[in-house]
Structures are given as structure tokens and as C-alpha cells.
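Going down the list, the protein sequences come from chains A and B. Residues in the first sequence are numbered consecutively from 115, following the working numbering. Residues in the second sequence are numbered consecutively from 196, following the working numbering.
Source of the hints: derived by calculation from the structure; they are not laboratory data. Quick reminder that beta carbons are idealized off the backbone N, C-alpha and C, glycines included. Errors might be hidden in some of the hints.
If we take Cβ atoms under 8 Å as the criterion, some of the chain A residues that face chain B in the derived model are [as the list claims (entries may be wrong)]:
id, residue
1, Val166
2, Pro185
3, Ser191
4, Phe192
5, Phe194
6, Glu196
7, Ser198
8, Pro201
9, Trp202
10, Gly212
11, Leu215
12, Tyr243
13, His245
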Amino acid sequence: MSENKVEVRNLTKKFGDLLVLNNASFSIKNGEFVCLVGPTGCGKTTFLNLLVKLLEPTSGEILIDGEPADPKKHNISFVFQEPSAFPWLTVEENIRSGLELKHMSAGVIKERTEEILNMLGLEKVRKSYPHELSASTEQRIVIGRSFALHPDLLLMDEPYAAMDIKVRYFLEDEVIRLWKATGSTVIFITHNIEEAVYLAERCLVMSPKPTTIKSEISIDLPRPRDISSPEFIRLREEITDMIKWW
Amino acid sequence: MKKFSNLIYAVLPVLGVGALIGVWTILSLQEGTLIPTPVETWERFLVIMTDPISKATLPVHVLVSLKRVLSAFGFAIVLGIITGVLFGWYPRVKALLSPIFELLRPIPPIAWIPLLILMFGIGEVPKILLVFIGAFIPIVMNTQSGIESIDPMLIKAGQSFGCNHRQLLFHVALPASTPAILAGIKMALSSGWMCVVAAEMIAAKQGVGFLIVRGQEAGDTALIVSCMLVIGVVSFLLSAILTKLEGVLCPWQFKKTK
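So here's chain A without its partners, still in its complex pose (with noise of 0.2 Å):
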């Protein structure tokens, strides 16, 4: 296995005349956890509707384990914005539906979810339905259903973009814990420049349509991160300097 997980290479979407992605280039290594940020409407769900075969590019390549990014040859999982658990399964079986789908053995469904279930502290209420808990539980649910298949890569669009702050930095934690036990790679896609200084290995900074990676800044901050240590101010004024288009 090559150590780049994802290559992106001069990456092009127009639709009709609009020209939303614009040469885009990156590569991504395996286990890494990426955080993409860049003004609200910068295309950034394009990228991962392509990124997922939703989309087609126009011109450029998306390569996964140096092969085109297919998502029935590739473990891909996606957490969107908006919650979707199953609301007709509970919490124990929301997890074990991804595994199930995938056809796993009995066994690994089994532990995958026991540790999963585990490391969510969600034991208690594994017999419950997703709408007997709250909207931050229910993602969360989300997030462990996508852990436990251990993807090759996991795109998280905005998880937790309507979570408050408290709950927040309890949930960026979790997956932070999560990524660090099933060992996958996260595309982590955020507008909070905070957010994704506290969780990434790596920030891409996008920059406004049409959009192309301004600039990728690493960031090996001992965790857990300290928020108000100067390096961390330093480097989300940085990246907020980058963003910056007004």
C-alpha cells in the first residue's frame, strides 16, 4: 500500500459555466486525520460529492490507494451535518447496520459494536430508539456507526456544526479517541478555524470559488489541545488570516 491514502489531482468542476473547483491538488496519507476548512459556499461539498461518486469531475483525477475513488471497491463512510440514524433501529442495532450491510462475520460485527458502543459510553441505552435521545447523541450514534466499519476514509461533513460549544469540544474528544483506536483516515470538513486546529493533523485552507487548496499548514500540537496555549492562537490567527476575504 502506497503511503498516500488519497491523491487529488488537478481536480475541475464547472457546472455549465460556473467554474466551483478549480484545479485542485492534495494527497492525503494513510491514517491521517485532515481537516479541510475555507469560507462558507467554497465547495466544499462538491469536493466530497466527488469524492463519493456522486459527481463527476470535469476534468482531474481522485485516486484512493492509487486506484479511482470507487465507493463499492472502497471502505468509504460519510457523516453528514444532519443526523441519520435509522430511526426504526436502536442505538445497538444503528451501529451494527453499516457492518451488516457490508455482509461482516457475526464475530466482527460483535466486537465492532461492543467497542464502539464502549468507547461511546452508550451501553446504557443501547436498546433505545435515536428519538428517545438527544439531536448531540444521535450523531454521535452517527459518527460510532461510521467508525466501526474502520473505513479507509471517513468524510465527516460539518458533524457538528449545530452542536453548542459545551457539547462540542466533549464530541471533537470522542473523535479524536475514535480515530486514534479503529486507525482510519478522516477528511474532517469544517468552517470553524477553531475547531480544526483542535483536531487536525493537518488543515487544507480552501479558498473562496472557485475554489482551489490555498495553502496547508500541519499542525503537531500535543493532544489534548490546550486552546489558549500562544501556538494554537498563532496558528488559528494564521489560518484565519488565510480565510480572510474581505
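Put chain B on the given structure of chain A with help from the hints.
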């Protein structure tokens, strides 16, 4: 305060029914009225429970009607869900067949009776077919709208697990539309029950609809009213059974409203 409120809600329904019986009694005591008194109706009810009319007691008539409803209902559920899924999940099938359905749908089921009798005589077949028509339509409509109104996030979630179109149908679309399908089945059952009474009123030798017409022919209003009440009670019980079934099949819906 809470206790008082509970008491109010226990008393009010009794009060409502009591008022109905009161008004009924007053009307039935008017000079020259055809309306039987509640007592006459009750006594008539007790008589037909044991004394056969047309070789059958009341419970047998009810069972005859129920048998017609349930045998048609089985077909209506299976074919209705299949048709609804085809319409809701496969746009091309919908484009091809739904104009026919839309054309036939607004025809009241009882308007089929003359044609069905001419084609199939007055045996069981036309009655079962009529109930089928009455029950099939709401099941198709609810299944279709249930599938068409699924939260797109759930479809996306299924797709992100690499589900193909068929897996999406069975693992996402169908479970997500179960509540809508069950609502359609509930409507279908009451519609089917109405249809069987209508069919029996026109041509039958047994069944509750037949009993009502017998009452009309004999000028026996107590028989008519007691049969009408029996029809209401049976319909109420059927719907209560389905509500219970809903709780078993969709526990998540019930906990949601709790």
C-alpha cells in the same frame, strides 16, 4: 390538580355517550316515531344473539362478513404494498401505470357493485372483489407516499454504506415507510368493512349488511339500529387490534410520541 385532571378525562367520554343515549331516548319517545328506544334495541340485540335469522345468529353473521373482509384484505395488503412500492420506488413504473390508477381511484367502490354482480353473480367472489377494491386503494396510496417522502439523509446514509438500489429499498426505504404503510392498512380495513356491508345490502343471504336490509324489509327498526351499532363496534375493535399491531411493528413510532 393532576388527579383532578385525570378524573375529568375519565368522566368526559362517559358523559358524551350518556348524552347521546339521552337524546336518542327523547327522540324515540316522540309520538309516531320509527326510532326504537335504547331498551328495545338492546332487547332485540339479545334476541338475535341466540335466535337465528336466515339460519344464522348474529355472531355467525358477523363472522361471515369478517371472513369476506379478511380474505380480501390479505390480497389487498400483499398486492397493495407491491404496487405502492413499484409506484414509489420506480419512477418509470409509476409513469406507466399510475395514470390508470389515478383514473380508477376516485370511483367509489360501491359504484363497482352492478358490474361485479353482472360479471360474477351474487356469490362470494363479487363481495370479496369489492372489499379488495376498497382496501387496495388506500394501501397503494400510503405505501407510495411513504416511500416518496423518506428523509433523503437516510437514503444518503444507506448509499454511503455502498448499498445498491435493492438494498436501499429493503433496508432503508421499506422500514422507513412502515408507519405510512400501516396507516394505509388501517384505512383499508375500515374502508373494506364499509364495502362488505354495502355489498351484503345489495345481494347476500348472510352477513351484517344482509341483516340490516332484512330489518328494513320487515320494518324492524330495532334490528336495523342494533346491527348498525354492531357494525360500529366491530370496526372499532378491528382498528384497536391494528393499533396494537402498530406498537409491535413500529415501537420507535410509539416511543417517539411518548
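Outcome of the hint check:
1. Val166: Given a least distance of 7 Å, the restraint on Val166(A) holds.
2. Pro185: Where the cut-off is 8 Å and the nearest Cβ of chain B is about 6 Å from Pro185(A), the hint holds.
3. Ser191: 6 Å, holds
4. Phe192: At about 4 Å, which falls below the 8 Å cut-off, the nearest Cβ of chain B leaves the hint on Phe192(A) intact, so it holds.
5. Phe194: Since chain B brings a Cβ to about 6 Å from Phe194(A), closer than 8 Å, the hint holds.
6. Glu196: Holds: closest Cβ of chain B sits about 5 Å from Glu196(A), inside 8 Å.
7. Ser198: At about 4 Å, which falls below the 8 Å cut-off, the nearest Cβ of chain B leaves the hint on Ser198(A) intact, so it holds.
8. Pro201: 6 Å, holds
9. Trp202: 5 Å, holds
10. Gly212: 5 Å, holds
11. Leu215: Hint holds; Leu215(A) Cβ to chain B Cβ min 5 Å, cut 8 Å.
12. Tyr243: Since the shortest Cβ distance to chain B is 4 Å, the answer is holds.
13. His245: Because about 4 Å separates His245(A) from the closest Cβ in chain B, which is inside the 8 Å limit, the hint holds.
Checked against the numbered hints given earlier, the structure satisfies every one of them.
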